[in-house]
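**Q** Residue-level listing of the chains:
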Amino acid sequence: MKLSNQEKKELDKFTKFLALKSTQIIVQSRLGEKLSTPCKPHTTGTDWFNLNIKDLPEVLAETKKVMNGEVLSSRLPFCVEISLRTAEGDHMVLESWCLSLLPERCDPTARIVHTVYNRMGILLKSLVSVTRVTPAYKLSRRQGPDSFVICYRIYMDEPQVHCLGEGYKQVHIGQICTPIGTLQLSVSYRTKMTISPTQAGRGDSMLVKSDHFNTNLGSKSKSDEKTSLYDTMKLGAFVDYKKMPMPDPQLILPSPPFAKLFAKTKSHRKPSEESLPDSVNVEDVKSSQEEVKEEEKNGNPAATSTTLESRLQSLTMTPTKEDFIMVELKAPFASTTAKSDLSRFLRECQAAPSLQTFIDLPPLGELQIDKQLESFESDLNEYDTVVQSLCQSPNNN
Amino acid sequence: MNARSQIFELTVEGRQADEAVASIFHTVLFHRSLGKFLYNNEGSYSVGTVGYTDVDCDFIDLTYVCCTSASLDQTIKKEISCFSEQLRGNEGTGIGQISLEFFSKETKSMQECTPWEVWTVRLELITLNNEGERQVCQEKVGELLTDKILYITEVMNRHDYLPKMPSQSELDLIFDTSYPEVQPYLFKVNYSISGPSAGTSVGSTMKKLIKETLAL
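From first to last, the protein sequence lines are chains A and B. Per the numbering used here, the very first residue in the first sequence carries number 1; after that it's consecutive. Per the numbering used here, the very first residue in the second sequence carries number 1; after that it's consecutive.
What you were told as hints is all true, and nothing was included just to trick you.
Cut-off 30 Å, straight-line C-alpha distance, at most; resulting in silico cross-link-like pairs (DSSO-like, lysine-lysine):
#1 A:K65 with A:K9
#2 B:K148 with B:K105
#3 B:K164 with A:K9
#4 B:K148 with A:K192
#5 B:K164 with A:K13
#6 A:K34 with B:K77
#7 B:K78 with A:K34
#8 A:K371 with B:K211
#9 A:K40 with B:K105
#10 A:K34 with B:K140
#11 A:K138 with A:K16
#12 A:K54 with B:K148
#13 B:K164 with B:K188
#14 B:K78 with A:K40
Quick caveat, the hints were computed from the structure, so don't treat them as lab data.
Assemble the whole structure, with the sequences as input and the hints as a guide.
**A** Right, dumping it as structure tokens:
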């Protein structure tokens, strides 16, 4: 069944409004406040998909600017990126919401007007529900101009998941089969909420910090350290990694100490051809007071672990082996005395003494088996009593 | 036709029970409620618009979304608190389950109704000793419910069977039209609490094991 021009037009229009409303849902959920929209018996022109989603004019304008008046369905994927910026200007991408089209999976029988429209409504409801449960939601509720603010950015490209750090998660919110392919809405989100040197781009500060860990290399020359750390330290979020000079393999130390703390596999990084437009601060959308342009044109949104960690103290982190090692070998912010309770406790656990029972055990040859058997025999009456009591007890459990 | 059935099992503290169930039921109902149908003289109808509201839990680290409908919220709250009172009462074992069942009616009489989707939450209550444990539990249950909510949205977007859109005269066989703001599919809430007899102790289980081993 071929799509008539009219149907194609309609489908394009639905897809466009799906993207417009999705953006509104995502951005509004990151404003930091609880939302409530009333039910309405009469649907009006802007109430798409029978769902009362407010239209914030700034967000609408921003979305339309990115769409550039072109047919959206031929330009997908469409992404909304949510990021965090601290008062110091440090920046971290939290999640990428993506509307994409899989043209190979199409359903030519789907009746556009009813089926697709209704399913888009359900998909948007799911989006509303999911936006409240990803980690960025809780962060956004805690934002403030003195600590950090949440920003958004809209772009037409594959989602830049390499900005989300190691161990990011992906959730498929839903999909709709249409005659032109399957529309899919998904989100990828960061799970590690600290900016480690991996994500940071300020080379100098990293090297200073790295000395602290570098206890084993105290006598090594400075240039050696630089090379090894350069290797383990990966690129910042928006760096074009093709320009990154690779160090001479001969200069790389075979096993840099604590490499795992810094390292991040290259497979997570993808080259990004497109230059990145500025993010928009959701706080500004809310207040409409000032236009925020980020000063990140110079390359990387840089951050050090200290600043963000202090901002995000309340976030819990899953302990890993590396954390354990850090405690053991003087973590950057831990007290330096080896006699602290924690380190003593850890040491005791690591080298637990063997059980007394096994120390006192005589060799097998000296065991007096005869005597043991005798004592068992003398206790025979007691065993009989136990068995008797078992036989007499009721059968149900 | 068999009804689709989803079962969620959760271990929560007594005071978290209401919110845990409400977050699941409201997420489901948000997806299973339409705008009010408004019929005109020619028999065609327009569909109203559903509004939504964020709800912050007091005892769980979670925010969920429900339809903006005070009366629907009241219905759900009442059912859940009846269940939770019995579950937390002294007679129970702290184990019970509550179901949100969607059904359609064949005729106007209430007896003949066919369930087409059932969402069940099985709860087991635990007692916590201190604030530290409570804090951990508050976060953990939040994470568990996050997974459940993601699962609900996944199921909703599979686009499985839904009752056909009825004609005006048969609207009440498919939808609950008693709410002024929204029009959910017909649903009812059932619950049951486990009796105390089901409990077993370690001692009795050990006795049974020994007896069976020795073939007494």
